[in-house]
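Okay, so the sequence shown: first residue is -11 according to my numbering, each after it adds one.
Hints in this document: simulated from the structure, not taken from any laboratory. Among the clues, some could well be false.
[As the list claims (entries may be wrong)] If you anchor each label on the Cβ, the simulated ranges turn out as follows:
hint: 1; residue 1: A180; residue 2: W154; range: 19 to 27 Å
hint: 2; residue 1: I250; residue 2: F342; range: 25 to 33 Å
hint: 3; residue 1: Y335; residue 2: R268; range: 37 to 45 Å
hint: 4; residue 1: E93; residue 2: T70; range: 28 to 36 Å
hint: 5; residue 1: V97; residue 2: A54; range: 23 to 31 Å
hint: 6; residue 1: D92; residue 2: F18; range: 36 to 44 Å
hint: 7; residue 1: P267; residue 2: A180; range: 15 to 23 Å
hint: 8; residue 1: E58; residue 2: H320; range: 40 to 48 Å
hint: 9; residue 1: F195; residue 2: F66; range: 48 to 56 Å
hint: 10; residue 1: L347; residue 2: R88; range: 45 to 53 Å
hint: 11; residue 1: L139; residue 2: E58; range: 41 to 49 Å
The C-beta atom is built at its ideal place from N, Cα and C for all residues, glycine as well.
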Amino acid sequence: MPDNSQAPVGAAPGSGIWRNLRRLALFTVFRLVALFATVVVGVYLAIFIANMGGMVDQLREAQIRAETAEAVRAEDAFRDLTPLERNQVIEERVQRERARLRLDEPFVVRSIDYLRQAISLNLGRAEYMHSDSGSHRVYSIIGERLPATLLLFGAANLLVFTVSLWLALWLSRNYGGRLDRLVVALAPTSAAPGWFYGIFLILLFSFVLPLLPAGGMVSAPVPETAFGYARSVLRHMALPLLAMFVSSIFVSVYSWRTFFLIYSSEDYVEMARAKGLPPRLIERRYILRPTLPPILTSFALMLIGLWGGAIILEQVFNWPGLGTLVFQAVGHRDTPVIIGTVVIFAYLLAATVFVLDILYAILDPRVRLTGGGR
-11 MPDNSQAPVG
-1 AAPGSGIWRN
9 LRRLALFTVF
19 RLVALFATVV
29 VGVYLAIFIA
39 NMGGMVDQLR
49 EAQIRAETAE
59 AVRAEDAFRD
69 LTPLERNQVI
79 EERVQRERAR
89 LRLDEPFVVR
99 SIDYLRQAIS
109 LNLGRAEYMH
119 SDSGSHRVYS
129 IIGERLPATL
139 LLFGAANLLV
149 FTVSLWLALW
159 LSRNYGGRLD
169 RLVVALAPTS
179 AAPGWFYGIF
189 LILLFSFVLP
199 LLPAGGMVSA
209 PVPETAFGYA
219 RSVLRHMALP
229 LLAMFVSSIF
239 VSVYSWRTFF
249 LIYSSEDYVE
259 MARAKGLPPR
269 LIERRYILRP
279 TLPPILTSFA
289 LMLIGLWGGA
299 IILEQVFNWP
309 GLGTLVFQAV
319 GHRDTPVIIG
329 TVVIFAYLLA
339 ATVFVLDILY
349 AILDPRVRLT
359 GGGR
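Generate the whole structure from the sequences, applying the supplied hints.
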């Protein structure tokens, strides 16, 4: 019979379940609030850095003055004016433009308003960038570029995780073999970022052996059928996907294989072998599951690193994602677009950390919530 000696007197049978659900809900809320606060701080620092404490506003004001003066001098209606009158017209237009862009307000006041707009992705219109549909709304521009980045990096991360997990398990069973020694020797090559390998892959597979396109996302003209479009996207994805895979696979396999070797020498694993349990069952139940929390941590750190390298990698392969958008926005000093992409990356990283916390609670029985509850 079940032991109910620890249950409080008069407690309902399902009270323990509701208590655990309440703890889980509180943990989720507190974790989301903490991650949101982190995102807010990071976004505000990005706003401050992107404006260099207000220095960018001074550069923008000088640019506005120069463009306005050139436009006024080019209009026939102002050619008969004296230089003093023409300067007054230029000054009036400059002041109207400064008021429209709120450059006449202190930067600290505008930065708080920028923060509120950035968190809600309500950043108004971009100053120089525009979407493929012609829209200048920041959320429209980011919304058109985000799927391309998620497609490329999501596929790369899933491929690296799957192959690394399978290969690390295989190497732990064949410790000291030729392939094991080869992986250990190639692990330092992961110090180079994906775009570094991408340059050599472009030279090899696009010029020396013209098998794959060097950049872009889809061929021109765009295929009319869905199958043709998907085939074109896959061909264009091959090189950047391979570049990220090569830059991450060896160090992932090496570190995860080390985890498997450490846990395979534990006493409970030896006991399971002595009992005659099948090797596959031992790997799945006694080796793989205890190592999943540190493996997921390693994978999350790798994922964060790949998000951070999106700008250069997408620029090398001319991939129309957020990385390319950031590069173009920085060149045009388009602050709303820069802040918008920073917010998207911050949300993606916060979502990664939150999912990792939930997976910890599911996979590791040692993880406790507040109050000692599971």
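Could you say whether the range 37 to 45 Å given as a hint is met by the Cβ separation of Y335 and R268? Since the Cβ atoms of Y335 and R268 sit about 39 Å apart, the hinted range of 37 to 45 Å holds.
Take the C-beta atom of E93 and the C-beta atom of T70, compute their distance, and say whether it sits inside 28 to 36 Å. For E93 and T70 the Cβ distance comes to about 33 Å; the hint holds.
Has the hinted range 48 to 56 Å been met by the Cβ atoms of F195 and F66? Because 54 Å falls inside the window, the suggested range holds.
Consistency of beta-carbon spacing, H320 to E58, with hint 40 to 48 Å: Distance hint for E58, H320 is violated at roughly 18 Å.
Note whether the CB distance of I250 and F342 lies within 25 to 33 Å or breaks it. Given about 28 Å between the Cβ atoms, the range holds.
Cβ separation of A180 and W154, checked against the hinted range 19 to 27 Å: For W154 against A180, whose Cβ atoms are near 24 Å apart, the range 19 to 27 Å holds.
Does the Cβ distance between D92 and F18 fall inside 36 to 44 Å? 41 Å, holds
Satisfaction of the hinted span 15 to 23 Å by the C-beta atoms belonging to P267 and A180: 36 Å, violated
Can you let me know if the beta-carbon spacing of L347 and R88 is within 45 to 53 Å? 48 Å, holds
May I ask you to test the hint 41 to 49 Å on the CB atoms belonging to L139 and E58? 42 Å, holds
Holds or violated: the 23 to 31 Å window for the beta-carbon distance between V97 and A54? Once the Cβ atoms are compared, 26 Å apart, the range 23 to 31 Å for A54 and V97 holds.
The structure fails hints 7, 8 (numbered hints given earlier, in ascending order).
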